[in-house]
Amino acid sequence: MTLAAVLEPWLAGPRAAELLFPLLAVPVLAALLAPLLGARGARLLALGSLLLGLALALAAAAALLAAGAPLTYALGGWAAPLGVELALDGPAALMLVLTAAVLVLVGLHAAGEFRVGAAGRRVTLAFWTLLLGVWAGLNGLYLGRDLFNLYVAIEVLTFSAVPLVCLKGGAAQLEAAFRYLLFALLGSALYLLGAGLMLGLHGTLDIGQIAAALAGGGADGSATGAVRSGSLAAVVLMSTGLLAKTALMPLHLWLPPAHGGAPAPASAVLSALVVKGSFFLLFRLWLDLVPDPGALHIGLVLGTLGAFAILLGNLMALMQARLKLLVAYSTLAQLGYLFLLFPLAAGPGGGPAATAALLQVVSHALAKAALFLLAGRVQVAFGHDRLAELGGFGRALPMTLVVIVLAGLALAGLPPSGGYLVKSLYGSAAGAEGWGWRLVLDLGGLLSAAYLARILAVAVRPAAGGTAAPHLAERPGGFGLLVPGLLALAALLLGLLPPGWFALLDVGRAEMASAAAVAGAMRGALAAGGFWSSTGPVLTVALAVVLFIAAGQSAWQRRVGALGRGLAGVEGRLREWRVAGALLLAILLAQALAVLT
Amino acid sequence: MLPDPRLADLPLVVALLALALWLIATRHDRSAIIGFTAYGLIVAIVWVRLGALDVALTEAALGGIMGLLLLMAAARLGDAPDGPPPTWPLRVLVGLLCGAVTAGLAVLVLTLPEPAPNLVAAVAEQQSATALKNPVAAVLVAFRAVDTLLESAVLALAVIGLWSVGADAAWGERPRALDSDAPDPALVLLARLLPPVGLVVGVHLFWTGADHPGGPFQAGALLAAMVALVWLARLGAPPPVRSRLTRVGLMLGPLVFLLIGLAGVVAADAYLAYPEALTKPLILLIEAAKTLSVAVALALLVAGPPALPRARP
Numbered sequence: 001m002t003l004a005a006v007l008e009p010w011l012a013g014p015r016a017a018e019l020l021f022p023l024l025a026v027p028v029l030a031a032l033l034a035p036l037l038g039a040r041g042a043r044l045l046a047l048g049s050l051l052l053g054l055a056l057a058l059a060a061a062a063a064l065l066a067a068g069a070p071l072t073y074a075l076g077g078w079a080a081p082l083g084v085e086l087a088l089d090g091p092a093a094l095m096l097v098l099t100a101a102v103l104v105l106v107g108l109h110a111a112g113e114f115r116v117g118a119a120g121r122r123v124t125l126a127f128w129t130l131l132l133g134v135w136a137g138l139n140g141l142y143l144g145r146d147l148f149n150l151y152v153a154i155e156v157l158t159f160s161a162v163p164l165v166c167l168k169g170g171a172a173q174l175e176a177a178f179r180y181l182l183f184a185l186l187g188s189a190l191y192l193l194g195a196g197l198m199l200g201l202h203g204t205l206d207i208g209q210i211a212a213a214l215a216g217g218g219a220d221g222s223a224t225g226a227v228r229s230g231s232l233a234a235v236v237l238m239s240t241g242l243l244a245k246t247a248l249m250p251l252h253l254w255l256p257p258a259h260g261g262a263p264a265p266a267s268a269v270l271s272a273l274v275v276k277g278s279f280f281l282l283f284r285l286w287l288d289l290v291p292d293p294g295a296l297h298i299g300l301v302l303g304t305l306g307a308f309a310i311l312l313g314n315l316m317a318l319m320q321a322r323l324k325l326l327v328a329y330s331t332l333a334q335l336g337y338l339f340l341l342f343p344l345a346a347g348p349g350g351g352p353a354a355t356a357a358l359l360q361v362v363s364h365a366l367a368k369a370a371l372f373l374l375a376g377r378v379q380v381a382f383g384h385d386r387l388a389e390l391g392g393f394g395r396a397l398p399m400t401l402v403v404i405v406l407a408g409l410a411l412a413g414l415p416p417s418g419g420y421l422v423k424s425l426y427g428s429a430a431g432a433e434g435w436g437w438r439l440v441l442d443l444g445g446l447l448s449a450a451y452l453a454r455i456l457a458v459a460v461r462p463a464a465g466g467t468a469a470p471h472l473a474e475r476p477g478g479f480g481l482l483v484p485g486l487l488a489l490a491a492l493l494l495g496l497l498p499p500g501w502f503a504l505l506d507v508g509r510a511e512m513a514s515a516a517a518v519a520g521a522m523r524g525a526l527a528a529g530g531f532w533s534s535t536g537p538v539l540t541v542a543l544a545v546v547l548f549i550a551a552g553q554s555a556w557q558r559r560v561g562a563l564g565r566g567l568a569g570v571e572g573r574l575r576e577w578r579v580a581g582a583l584l585l586a587i588l589l590a591q592a593l594a595v596l597t
Numbered sequence: 001m002l003p004d005p006r007l008a009d010l011p012l013v014v015a016l017l018a019l020a021l022w023l024i025a026t027r028h029d030r031s032a033i034i035g036f037t038a039y040g041l042i043v044a045i046v047w048v049r050l051g052a053l054d055v056a057l058t059e060a061a062l063g064g065i066m067g068l069l070l071l072m073a074a075a076r077l078g079d080a081p082d083g084p085p086p087t088w089p090l091r092v093l094v095g096l097l098c099g100a101v102t103a104g105l106a107v108l109v110l111t112l113p114e115p116a117p118n119l120v121a122a123v124a125e126q127q128s129a130t131a132l133k134n135p136v137a138a139v140l141v142a143f144r145a146v147d148t149l150l151e152s153a154v155l156a157l158a159v160i161g162l163w164s165v166g167a168d169a170a171w172g173e174r175p176r177a178l179d180s181d182a183p184d185p186a187l188v189l190l191a192r193l194l195p196p197v198g199l200v201v202g203v204h205l206f207w208t209g210a211d212h213p214g215g216p217f218q219a220g221a222l223l224a225a226m227v228a229l230v231w232l233a234r235l236g237a238p239p240p241v242r243s244r245l246t247r248v249g250l251m252l253g254p255l256v257f258l259l260i261g262l263a264g265v266v267a268a269d270a271y272l273a274y275p276e277a278l279t280k281p282l283i284l285l286i287e288a289a290k291t292l293s294v295a296v297a298l299a300l301l302v303a304g305p306p307a308l309p310r311a312r313p
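If you're matching them up, the sequences are chains P and L in order.
So the first sequence is numbered by the numbering used here: it starts at 1 and just counts up by one.
So the second sequence is numbered by the numbering used here: it starts at 1 and just counts up by one.
Derived by calculation from the structure, the hints in this document are not laboratory data.
Heads up, some of the hints might be wrong.
[To be verified] Within a straight-line C-alpha distance of at most 20 Å, the following computed DMTMM-like cross-link-like pairs (lysine to aspartate or glutamate) qualify:
hint, chain 1, residue 1, chain 2, residue 2
1, P, K168, L, E173
2, P, K168, P, E113
3, L, K280, L, D211
4, L, K133, L, D211
5, L, K280, L, E125
6, P, K168, L, D168
Please put together the full structure from these sequences, using the hints given.
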């Protein structure tokens with residue numbers, strides 16, 4: 001028998017659903033075994049099981065496509081509501097494959113830095129064990145459909161992600177990790193409160209069963225008004241907790257120090273994947289659990305926060321003094337794009353919005369992982385990442401600069417990048433009435449181009465002290481560009497994938513029609529007219545920023561600088577505990593008003 | 001005789017509310033912690049009154065450890081200087097927001113359906129398949145086994161995370177957060193008298209958990225408290241983090257659970273299912289390993305990250 005014949009029952013047959021539990025069990029098993037093997041063994045075990053996990057994720061995606069309908073598996077043979085079920089649909093399969101792929105690539109990139117000989121036993125053992133823990137938590141979030149099971153998955157994720165922040169062990173990193181821990185636990189508590197209320201209202205925690213009961217198709221007939229409003233309030237509690245964990249501005253007090261202070265590969269994983277885990281659960285709650293969310297005003301609340309994040313995050317990125325913090329603030333802005341899903345999916349032509357949000361997850365994960373790894377490369381090469389002292393770094397590390405620009409162009413949304421697909425699909429979902437959202441999308445793209453241009457201007461201007469390039473503390477090997485280059489190219493060329501591949505997203509959600517939407521968005525994107533209309537403004541802004549920085553200090557430039565400092569002051573206030581706490585409560589109440597009126 | 005038997009619970013309710021307000025209002029760490037520990041004890045009594053003995057046991061066992069941990073942390077940190085007090089507009093705003101959220105939650109709780117839809121009947125019906133007479137144990141080890149498995153993995157990962165904040169030079173050393181130069185003689189006496197009793201009660205809680213309230217989490221928490229007491233009195237010391245035996249003890253519970261769960265797909269036609277003939281022994285094995293790992297994990301969490309010995313003058 002050939003290998004294909006042996007695997008047949010799993011890949012295209014009756015046993016396909018048996019692939020689901022191993023996707024959770026392999027990372028958990030590896031995370032439990034890693035500390036027993038010691039630091040050296042943990043590294044090899046993590047790399048090996050990540051490769052196995054990638055194969056499993058691809059197999060699950062293939063099995064899902066072959067089945068053409070969501071796969072579900074009742075653990076222990078106990079069906080919901082008594083037992084816990086795992087389920088795989090198109091979006092979950094996409095996230096599984098993306099997560100495994102990014103973790104494998106980041107893992108290979110980090111294999112040289114995080115080994116006993118280079119980083120010591122403590123960091124090596126902790127990094128690889130916790131990386132496996134992050135992977136286990138994320139896979140649990142994608143496969144789960146039981147609200148409490150999902151809570152446990154979030155806890156696995158949080159408790160693995162927080163120590164990654166302070167692996168370097170400095171006082172600032174410890175404080176950042178502690179901030180992250182406290183705010184994430186606050187989010188967990190809110191989520192758990194909502195999940196508990198849901199159990200008291202429905203006697204089940206299964207998302208599908210609750211959704212059916214709310215839609216009136218439950219076994220005991222339709223839900224009463226009180227149960228319905230109670231359920232919406234419970235979703236609002238869970239949603240608020242998840243917003244805190246996703247660091248949607250203005251609930252972002254923990255993210256810049258955490259993502260800016262962690263070692264570069266850890267930052268890459270935290271920024272590319274970890275914050276998307278809680279977003280994915282928000283996606284499930286508002287789109288799958290709540291019946292007809294378009295009839296509520298929730299989209300307006302979440303979309304407004306998203307627009308705020310896009311604008312403020314990008315402006316703050318433009319002003320950061322350190323490269324890694326610039327990349328961290330860019331993450332805050334890019335997270336904002338995810339939340340435009342909620343208002344746009346509710347509109348009349350909202351079909352493509354869900355596709356756009358999922359593609360934004362993919363595109364940002366690839367581009368941001370690349371950018372964080374490159375920022376780490378710059379930091380290692382010069383011993384710091386202060387932009388003011390990095391003048392001319394592009395002359396010392398030309399290829400690094402090229403890859404930074406490639407990843408940045410994908411974030412700014414140039415065709416055929418993932419960012420372009422996102423903007424184009426959101427734009428068509430917004431339609432003519434949604435001009436406000438389209439304006440935010442365009443402004444966001446231009447601001448991303450602006451901070452990319454700022455990096456470029458720093459990279460090519462003469463170094464301080466009249467030399468052509470700053471002093472290299474350590475020349476990094478060219479091999480270290482392989483993974484960031486692959487990630488950046490994948491983000492930049494996402495739109496060139498055969499549109500038929502995007503049909504994976506639609507399994508179980510036929511209303512998304514992703515393949516047709518992507519084909520439509522790419523049609524004409526690379527023709528002269530279409531290409532210029534999306535590229536021209538970006539290039540113009542980039543040129544203006546380069547000229548602005550090159551021109552030196554004039555009176556009006558100082559005025560712009562003063563405006564920027566004012567804005568930075570306001571943003572600093574938002575990151576105070578008291579203000580962030582008050583904002584959390586205000587956002588909770590705003591969501592409650594939006595769903596209950 | 002009271003006109004309504006529910007009035008007997010009135011002192012509990014008043015004490016709970018008073019303590020909750022005290023916790024928010026107090027400005028001193030120590031008094032907040034003592035208040036919090038007392039709050040936990042009253043919550044445990046409330047659980048007893050509600051008939052949830054399993055929850056009460058967990059609350060009491062974990063609440064005790066938490067209080068101890070917090071007191072030690074507060075003693076080490078000293079009184080942290082307060083930042084500038086919040087401005088009046090912010091205070092009023094926060095008060096209004098908190099009031100609105102509390103009122104909303106109160107309305108929500110009052111409109112919950114009565115009696116709440118629940119799975120008690122379904123659990124009772126299927127419980128015989130698990131060979132367990134305690135419905136809580138049946139939920140934890142059979143119906144919702146995956147959650148219990150992941151929770152015990154979280155505990156183990158939390159220990160690795162805690163260890164990772166130690167200094168590089170101290171890696172492989174033993175945790176020293178509980179070390180004191182001269183433990184109180186009363187504490188030493190307590191640490192000699194209590195652990196034998198605690199050990200018996202802990203093993204009993206584990207053993208009885210199959211049919212009565214109790215189980216690995218409660219038993220593990222109690223055993224961890226006994227171990228921590230011995231360490232505090234310096235009658236013993238935490239093992240160094242390089243010790244493979246300690247790590248095996250830490251990981252054994254979730255590992256055994258996961259491996260038996262994986263074997264279920266061959267032996268019982270589903271992951272995390274048990275073959276009928278072996279259900280009881282397998283569950284016993286899982287719970288024994290879990291009791292051990294919960295005890296090791298909680299004790300190690302109390303002991304802190306690895307540290308170098310303090311220089312002696």
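Status of the hints after comparison with the structure:
Only pairs whose Cα atoms come within 20 Å are accepted, and K168 (chain P) paired with E173 (chain L) is accepted, the gap being roughly 19 Å. Distance hint between K168 (chain P) and E113 (chain P) is fulfilled; the C-alpha atoms sit about 13 Å from each other, no more than 20 Å. Under the criterion of a C-alpha separation no larger than 20 Å, the hint pairing K280 (chain L) with D211 (chain L) is consistent with the structure, at around 12 Å. Taking the CA atoms of K133 (chain L) and D211 (chain L), the gap is near 4 Å; set against the 20 Å cutoff, the hint holds.
Annotation: proposed proximity of K280 (chain L) to E125 (chain L) holds, straight-line Cα distance about 18 Å (limit 20 Å). Of the supplied pair hints, the one linking K168 (chain P) and D168 (chain L) holds, its CA atoms being roughly 10 Å apart against a limit of 20 Å.
No hint from the list above goes unmet by this structure.
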